[in-house]
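K.L.:
Chain residues, written in single-letter form:
Number of protein chains: 2
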Amino acid sequence: MISLELIREISRSSPTKIVLIVLDGLGGLPDALAGRTELETANTPNLNRLAAKGICGLIDIVGRGITPGSAPGHLALFGYDPVRFIIGRGVLEAVGIDFSLEVGDVAARGNFCTINKAGLVTDRRAGRISNDECIELCRLLDGLVIDDIQVLVCPVREHRFVVIFRGEGLDADVTDSDPQQTGVAPRVITAPQPKASRVADVANRFVTRAKKTLAGHYPANMILLRGFSQRPKLPTMGEIYRLEPAAISVYSMYRGLARLLGMEVLKTGTNIEDEFTTLKQNYDTYDFFFLHIKGTDSAGEDGDFERKVRVIEEADRVLSSLISLEPDVIIVTGDHSTPAVLKGHSWHPVPVLLCSKWCRPDRVSEFSESACVSGGLGRFPATQIMPLAMAHALKLTKFGA
Amino acid sequence: MISLELIREISRSSPTKIVLIVLDGLGGLPDALAGRTELETANTPNLNRLAAKGICGLIDIVGRGITPGSAPGHLALFGYDPVRFIIGRGVLEAVGIDFSLEVGDVAARGNFCTINKAGLVTDRRAGRISNDECIELCRLLDGLVIDDIQVLVCPVREHRFVVIFRGEGLDADVTDSDPQQTGVAPRVITAPQPKASRVADVANRFVTRAKKTLAGHYPANMILLRGFSQRPKLPTMGEIYRLEPAAISVYSMYRGLARLLGMEVLKTGTNIEDEFTTLKQNYDTYDFFFLHIKGTDSAGEDGDFERKVRVIEEADRVLSSLISLEPDVIIVTGDHSTPAVLKGHSWHPVPVLLCSKWCRPDRVSEFSESACVSGGLGRFPATQIMPLAMAHALKLTKFGA
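So the protein lines, in turn, are chains A and B. Residue numbers for the first sequence follow my numbering, so the first one is 1 and each next one is one higher. Residue numbers for the second sequence follow my numbering, so the first one is 1 and each next one is one higher.
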């Protein structure tokens, strides 16, 4: 396997530009009637033109049969072995709201939820309370000190918040309190190893305090915590690829992930068109752009086949503005599949297209799962996307004499 | 990954014969007008017949996106992981001129070059001086002893020579003096680690002496050194595969590489037909032949699309004489791509065909980059060519009970 160390050795800075467009959860499955996936159903003249001019293939994100979460999905796309580099959900949420996570902090993703009188979870999202209410409730829980550990509580949006445990010698290897289902009680947080027992203890005491504080705040009368984690040590994309990378995403988590990898996060608006406008406005300043489109995944998760089709079509429309900039390399792919019929992430390989002056075109003239099967890029691990992008941008020197 | 150790365990000697034909830099890119690569443009009835009868695919030499040098390219074809086994340019040049490199010798590739009065390089190849002049100048520089280290200087051809530093406890981990560009001064050779500081020091003193000696020999009034290296420890092909391997190449560097791997280097002439004649003459004596064709790469490096097409067509013509010998396995491939439009090595995968009585034929009936995409061998690492060749020659026993 080609290591990041090898790539770092042969990478060189150059004025060429790479744009990586990630349609979150792009890959799909056919609907029962027409037998076509979301991408195959969508009318995508621009993507098809790029596919015809460029080269296509299918990527495995973690490995065949493995369904990736959002973090491993994106890490793989950026060239980081997602099995080697693990980023916890708590860390992702924290960096996603610009919380300045210190080395050693333990972060967890929190949900305000609803429990009934028997203490069983009836709604894991407390009816998706408003942002304002989230801010207000976080203020009630924030600022405790338990066993010398500072407990910081920050709102994210709706029912979501982050809790950060700050103190000396903390270990994040504890279980979730979130049972990921309704009809059961929140779980007690436990530490499989003694080194994390202090964090488990403090977290449980925090949950107990929160339950008391929230008692009168139905439907947000309890909290669920998951993804306890600490900031991992990662080489930045600038260090590895000698790039000046920028990230554009409407969603905080992806901005946070990009920031962890040393990307400059660009301010953008609320929809796909805003994201492409942001790219254009900053085009001269960076040589790598990660543009993230969330709607495909959200629609897939909701089981809304038609909406996923529409998001793909919208992305295709605004793509024309990018094509006119003539970046040296355009890559369009996803961080995993989210077939509407499965209502969730899946293990299916993700179509990818790469368009560049220096690609060897194949016979694929349509960007779809079934056409990509016979694409010239073949089927390959997602971690090889970045070396391919770098090569086609002529940013990699020769390996060996 | 299948290790050389595993292959060694299951390899057995047998009378069957394998011929591996390497068209250097075979893979190409389409020209702007016709949209066909060099191989797709060439008229290749024999290669197409082999492709139809055999099985095709595409190989990655080092990995997707990685552009290999000649040494890693060939090492991979012979089954040696090119990231694990590194052969320096100096060693390659030395063994390529039959210089008998001792263990511990440090070899560097040298160029006679031109510098101006300000000491800046104006021509990295000194106008490609004649072989005779190269021999004469090497004689002037040869035979120094600096700090108890013997400095041997041997001509290669035109502006190229090899310098060998011979002494006790030398380490080759020093930087190049060759800046790989004009308009700048030759670089001072440095040692990143103290253990190599003596070699750096002696090499710098040698360069200074050479500059004085060559002062009146414009355009060859200076030297550039690069690729300081020592002979690596490699298992031979005989040890791994239990083969009696022979190498046929018009070019010294490939003969040298073959010799490092324990191949017998056969005397041959100056063109492709000579090489095939040599093969025929020695057909009974060996059971593995590496036949190297350089012209494809040279034409690609020169950006000469038409010449590359002609070299491929010439190779195709003489191939008929080999086919009539009916070797048990014929493989035709390249050590990397050298698209004429890129005028250099590239990362693009290389078409490969394998023809044997025991292959499972696919539907590919034409040897070309685009046809090989859908070949039965699929897309795979070049290091798996040798196990495939051995298997089809029935030279590998079963693995496991």
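One thing to keep in mind: the hints can contain errors.
Each pair may be met inside one copy or between any two copies, as identical chains are not told apart.
Unchecked claim - In silico BS3-like links for lysine-lysine, alpha-carbon gap of 25 angstroms or less:
#	residue 1	residue 2
1	Lys357	Lys267
2	Lys233	Lys212
3	Lys357	Lys280
4	Lys53	Lys212
5	Lys17	Lys267
6	Lys233	Lys398
7	Lys233	Lys195
8	Lys398	Lys17
9	Lys211	Lys343
10	Lys398	Lys343
11	Lys117	Lys53
12	Lys343	Lys294
13	Lys267	Lys53
14	Lys294	Lys280
15	Lys294	Lys17
16	Lys212	Lys267
17	Lys233	Lys357
18	Lys343	Lys357
19	Lys117	Lys211
20	Lys117	Lys398
21	Lys357	Lys211
22	Lys280	Lys398
23	Lys53	Lys343
Hints in this document: simulated from the structure, not taken from any laboratory.
K.L.:
Which of the numbered hints are not met once you compare them with the structure shown?
P.N.:
1, 2, 4, 9, 11, 13, 16, 17, 20, 21 and 22
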